[in-house]
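S.K.: Residue strings, one per chain:
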Amino acid sequence: MAGDTLSRRRPRLAAGGLLPILAILGVLLVLIAIRQPGFLQPASLMSFLGRSAPIILLAAGQFFVIVSGEFDLSVGSLVTAQVVIAARLIDGEPGRTWPVVALVLVSAAFVGLVNGLITTWLRVPSFITTLGMLLILVGAVYLWSDGSPKGALSEQFRRFGRRAVEDVPVLGRVPYALLVVLALAMLAMALMRSDFGHTLIAVGDNPRAAELSGVRVGRTRTIAFVLSGAAAGVAAILLGGYSGVSFQAGSGLEFSAITAVVLGGVALGGGRGSVAGAMLGALTLELLFALMNFSGVPGAVRPAVQGAIILLAVAVSARRSPSR
Amino acid sequence: MSALSLLASRRPVPGVYVALVLTVVIGWLVVTLRGGTLFNQATIVSLLHVAAGLGLVAVGQTLVILGGSLDLSVAYVVSLSTLVAAETMTGDDAALLPGVLLALAAGAGVGLLNGLLIARARVNAFIATLGVGLLLKGYLDSNYDGPAGATSPGLVRTLGYQRAGPVPISFLLLLLVAAAVWLTLSRTRFGHHLVAVGGDPEVARLSGVRTGRVLVAAHVLCSLCAALAGVYLAARLGSGAPRVGTEGLYDLESIAAVVIGGTALAGGRGGVAGTVGGVLLLASVDAIFNQLQLDAFAKQVFRGVIIIAAVAVYARRAARKGRS
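In order, the protein sequences belong to chains A and B.
Going left to right, the first sequence walks through residues 1 to 324 as the numbering used here numbers them.
Going left to right, the second sequence walks through residues 1001 to 1324 as the numbering used here numbers them.
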């Protein structure tokens, strides 16, 4: 009964949940417009959105896992692993581009599947599962490449991350990465409106109740991990294209993604929030970094400012929802 | 409630010690078959040194995890306290005590901040301690490029290198701290309250426990332990090291040790004896791999697998117990 009223109330909660993040986003945009009016020109705005694509995708992937009541700490290392592996497999050969793109997507989803199965079948807390996976991926990729990245990505592979549709009216250059994000964002939002989306939120809200009403909790959560892995695969392709091959390609991205998700009004522990909020959270975080850049904040102070703002944002939202 | 928690803390030897013995026996066999020696003075001493550093952090981590919280800022507290200690001492034995006390005070301050954010501002523990960690990272990155200050020679000689037979003083310090924490958990009101808060905060609050105060105290104690580990590392290294905490992965490893030791990540169940076992297990694995001259990266892969496997075994047993 209680579950019933909750599920009827949820759509309104989710819609209301977007207001704070939109407000923060608006404030940041105004601040940037004052500081750096040129930033809002279509050209620089488009390239900013393209740059932000990987973290937006990771935030969306992380959203699925978090809203189902789990964590995925392995996505950053998964991105690194995929970029390094892709570079070594392609080794500059244009002909190998498509097979490797397919391999990246499939293997990333497979890592998600393993995370999901270990978490749901073996009942290992996802914090530990994905932390172990992080260690395994980083260790394995270093081991495989003897300590320094080898090979190179082909130009065909890199174009997803660095090329754009040229000469679009008004907007100018529209990066491929932005188109990819837009398409996947629509897909993600459609998914959350489908039966699977409702099931996912029910599982995160109250796994016991969901199980009793016939939901296969383990399977639902495993699918969430697969989605997170696949998102990391796409992010790796875009990021590898944009910034090239290095062992630092994805380092720290898991925390950025979790921060973005929380900033977007998604409750850690599951059951509350929207995927649009999570992606807007990622955009806000990137905008914040851009603003700090324009304001000449030294790179070393960045983490401190980021930390302070995260704390503030979450403390404010905790005050606003006293019931949980 | 208190009778239950008393029972819990008097459970027989946690399973982690069985795993520890198995690991050491198997490791000894493999190392011996390969013509090496696992048990000589040098390897045991270095094993116990590794265990002392990680153990001090993990014992503190046990307290907050028992209370249903978590501390991701410990790695930065470790780094910070090495610097506070070494820069206060500036190589002078007369400043030994002020240096140690200031380092501990800095740690306690961070713990207080963590605790207040979590208990008063009601920020999720994961985000709160991540945010505070980022604040500290920003401070450390923008003020230090490399080692700074000098630890007093007296402290280096004693806490850093002195030992009784093969047992370093630092390991005795770990045992002392662990025993004190064990007594606190099993004999004092604070200990019982902490376990109650971790088990079910709402029930604890309704039965008159001041849950906020208990959590703040647990966080102060946790950060004090991390600061003590920092003082030990300063004694070991002879100076303050701005990145020693993060490079040692003290945040994630300490949580892994706690969970391997049988404490539930969700709180309310477990204890410090298991944590010491978990720390010894991780340190033994490290020693065995060193003797096998395993590649550092392969070591990391194995460590990831071991952490997941150990917790999976626990989860299975817990599930079986729950069913019967």
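The hints are simulated quantities; they were obtained by calculation from the structure and are not laboratory data.
The beta carbon of each residue, even a glycine, is placed where N, CA and C say it ideally should be.
Warning: the hint list may mix true and false statements.
DEER-style ranges, computed between Cβ atoms [to be verified]:
#1 A:308 with B:1247: 35 to 45 Å
#2 A:190 with B:1121: 33 to 43 Å
#3 A:148 with B:1101: 42 to 52 Å
#4 A:39 with B:1316: 39 to 49 Å
#5 B:1039 with A:89: 42 to 52 Å
#6 B:1154 with A:27: 47 to 57 Å
#7 A:299 with B:1121: 23 to 33 Å
#8 A:110 with B:1318: 44 to 54 Å
#9 B:1146 with A:42: 26 to 36 Å
#10 B:1145 with A:294: 23 to 33 Å
To give a feel for the contact side, a few chain A residues facing chain B, derived at Cβ under 7 Å [unchecked claim]:
#11 89
#12 92
#13 125
#14 132
#15 142
#16 301
#17 314
S.K.: Confirm or reject each hint.
M.R.: Cross-check of the supplied hints:
Remark: the range hint 35 to 45 Å for residue 308 of chain A to residue 1247 of chain B is contradicted by a beta-carbon distance near 24 Å. Here the CB-CB span from residue 190 of chain A to residue 1121 of chain B is close to 36 Å, well matched to the stated 33 to 43 Å. Our hint of 42 to 52 Å for residue 148 of chain A and residue 1101 of chain B holds, since their Cβ atoms are close to 45 Å apart. Range check, residue 39 of chain A to residue 1316 of chain B: about 54 Å between beta-carbon atoms, so the 39 to 49 Å window is missed.
Between residue 1039 of chain B and residue 89 of chain A the beta carbon distance is about 44 Å. The supplied range of 42 to 52 Å therefore holds. Checked against the hint of 47 to 57 Å, the pair residue 1154 of chain B and residue 27 of chain A passes, with Cβ atoms roughly 54 Å apart. Separation of residue 299 of chain A from residue 1121 of chain B is about 28 Å and conforms to the stated range, judged on CB atoms against 23 to 33 Å. For residue 110 of chain A paired with residue 1318 of chain B, a C-beta distance near 28 Å fails the hint of 44 to 54 Å.
Hint check: residue 1146 of chain B to residue 42 of chain A, Cβ distance near 44 Å, so the stated range 26 to 36 Å is violated. At about 26 Å, the CB distance of residue 1145 of chain B to residue 294 of chain A agrees with the hint of 23 to 33 Å. Contact between residue 89 of chain A and chain B, as hinted, is not supported at the beta carbon level, the nearest pair being about 19 Å apart and thus beyond 7 Å. A cut of 7 Å between beta carbons decides the hint on residue 92 of chain A: the least distance to chain B is about 25 Å, and the hint is violated.
The restraint placing residue 125 of chain A at the interface with chain B holds, with a minimum CB-CB distance near 5 Å, inside the 7 Å limit. For residue 132 of chain A, the interface hint holds, the least distance from its beta-carbon to any beta-carbon of chain B being 4 Å, beneath 7 Å. Here the hint on residue 142 of chain A is kept, as its CB sits about 4 Å from the closest CB of chain B, short of 7 Å. Given the 7 Å rule on beta carbons, the hint for residue 301 of chain A holds: about 5 Å separates it from the nearest Cβ of chain B.
For residue 314 of chain A, the suggested interface contact is upheld, since its CB lies about 5 Å from the closest CB of chain B, less than 7 Å.
The earlier numbered hints that this structure contradicts are 1, 4, 8, 9, 11, 12.
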